[in-house]
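**Student:** Chain by chain, the residues:
There are 2 protein chains.
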Amino acid sequence: MKCSVFIATSADGFIAKNDGSVDWLHTAGIPDVDLGDDADMGFKQFMASVDCMIMGRKCMEMIHSMQLTEEQWPYGDTRIIVLSNTLTQLPEFPGKVELYSGDIKVLLKNLENQGHTHAYVDGGTTIQGFINLELINQMTITRAPILLGEGISLFGKTKKDIKLAQCSAKRFANDFIQEVLSVNYD
Amino acid sequence: MKCSVFIATSADGFIAKNDGSVDWLHTAGIPDVDLGDDADMGFKQFMASVDCMIMGRKCMEMIHSMQLTEEQWPYGDTRIIVLSNTLTQLPEFPGKVELYSGDIKVLLKNLENQGHTHAYVDGGTTIQGFINLELINQMTITRAPILLGEGISLFGKTKKDIKLAQCSAKRFANDFIQEVLSVNYD
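Chains G and F supply the protein sequences, listed in that same order. The numbering of the first sequence is this note's numbering, which starts it at 1 and goes up by one. The numbering of the second sequence is this note's numbering, which starts it at 187 and goes up by one.
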């Protein structure tokens with residue numbers, strides 16, 4: 001099961017402010033520039049490559065707080081699994097969202113047995129957990145040209161140094177830079 | 187007085203491990219690839235653009251620990267000012283190194299009065315201090331494709347969000363990515 005990350009960070013590596021807000025993403029760089037074919041910075045193409053999504057509780061709550069309509073829902077009919085060991089039920093979403101608590105490797109094995117091949121993993125804590133289980137294979141990191149100074153980090157402690165390989169790097173007209181990195185746990 | 191940063195970080199934003207070591211810089215990416223004209227990743231060209239250097243005590247101590255010969259000294263005859271409020275004298279160096287304690291803005295004013303126009307600012311604590319004094323104008327950040335998990339951060343807390351602008355972005359054959367960013371304190 002391939003597991004990939006697709007996420008935006010500040011130049012100092014934060015995915016959100018401490019209160020979870022990501023407003024700064026919409027003002028960083030040159031927000032009103034015409035991105036042409038890059039308007040979604042590769043998101044639709046990435047979504048088309050995955051067949052399920054795994055996110056943490058906090059990530060789910062942040063998305064829920066946005067109160068997206070069916071038209072605004074960015075994940076189509078992709079099956080979404082929310083990891084939580086505390087929740088017993090989920091709020092309403094316009095998409096296919098289900099709850100999972102338990103072992104991550106068992107979850108991935110189950111998803112594989114159900115025909116899934118590529119998971120989109122989202123949320124800082126969840127991504128860090130997956131990296132420490134050596135489960136993330138690829139990361140698309142889009143860096144916004146802004147320093148936040150503090151917030152929720154994309155990365156955390158690792159058990160060892162983890163080598164990455166640059167698959168591609170692209171600068172967008174809005175001054176964001178997107179790197180696609182593969183992960184090598186050897 | 188223009189103040190610039192030229193520094194390498196891990197993909198998770200560290201400039202050194204907690205013990206100050208930067209060995210990982212030499213094994214990250216594809217270390218044995220031929221970089222051709224990019225062998226120094228722009229360092230000589232950057233050095234040619236500055237006329238003085240300001241670094242923190244820890245940065246000086248790290249450089250001193252390398253026991254560089256005159257031939258290995260990477261800063262030519264560029265005047266180097268080491269900031270320290272505790273040291274009273276410096277160890278021997280093959281280059282022009284002097285000690286300064288006191289107000290940074292006074293130092294920059296003095297350097298300007300002595301004809302300097304562009305300072306290379308180095309060392310994590312020093313760079314963070316300069317950013318919070320709104321003194322850094324440009325940053326060249328070369329990201330090594332490796333996660334360290336912990337270490338000495340390039341960036342720290344800021345008093346507010348700081349907008350950056352992407353001047354250029356370049357991917358080297360060794361899988362490092364170099365961004366040149368200008369800093370906007372408005």
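Any given hint could turn out to be false.
Said to hold, decoys possible - Listed below are several chain F residues computed to face chain G (Cβ distance under 10 Å; list not exhaustive):
1) 206
2) 228
3) 250
4) 253
5) 340
6) 360
Stated by the list, open to error - Label pairs and their in silico Cβ distance ranges:
7) F:223 x G:42: 42 to 52 Å
8) G:67 x F:225: 30 to 40 Å
9) G:133 x F:252: 47 to 57 Å
10) G:66 x F:371: 52 to 62 Å
11) F:299 x G:171: 35 to 45 Å
12) F:344 x G:90: 30 to 40 Å
Because the hints were derived from the structure by calculation, they are not lab data. Here a beta-carbon is modelled for each residue, glycine too, at the ideal position from N, C-alpha and C.
**Student:** Now tell me, hint by hint, if it's right for this structure.
**Tutor:** Hint check:
1. Given the 10 Å rule on beta carbons, the hint for residue 206 (chain F) is violated: about 16 Å separates it from the nearest Cβ of chain G.
2. The restraint placing residue 228 (chain F) at the interface with chain G is violated, with a minimum CB-CB distance near 16 Å, outside the 10 Å limit.
3. A hinted interface residue such as residue 250 (chain F) counts as satisfied when its beta carbon comes closer than 10 Å to some beta carbon of chain G; here the least separation is about 25 Å, so the hint is violated.
4. Taking 10 Å as the C-beta cut-off, the interface hint given for residue 253 (chain F) is violated, the closest approach to chain G being about 25 Å.
5. Against a cut-off of 10 Å between C-beta atoms, the interface hint on residue 340 (chain F) holds, since the closest Cβ of chain G lies about 8 Å away.
6. Proximity of residue 360 (chain F) to chain G holds as hinted, the smallest CB-CB distance being about 9 Å (cut-off 10 Å).
7. A beta carbon spacing of about 30 Å between residue 223 (chain F) and residue 42 (chain G) contradicts the range 42 to 52 Å that was offered as a hint.
8. Hint check: residue 67 (chain G) to residue 225 (chain F), Cβ distance near 53 Å, so the stated range 30 to 40 Å is violated.
9. At about 37 Å, the beta-carbon gap between residue 133 (chain G) and residue 252 (chain F) misses the expected band of 47 to 57 Å.
10. The hint said 52 to 62 Å for the Cβ distance between residue 66 (chain G) and residue 371 (chain F), and at roughly 31 Å that hint is violated.
11. Take residue 299 (chain F) and residue 171 (chain G): their Cβ atoms lie about 39 Å apart, and the range 35 to 45 Å holds.
12. Between residue 344 (chain F) and residue 90 (chain G) the beta carbons are some 36 Å apart, a value that agrees with the proposed interval 30 to 40 Å.
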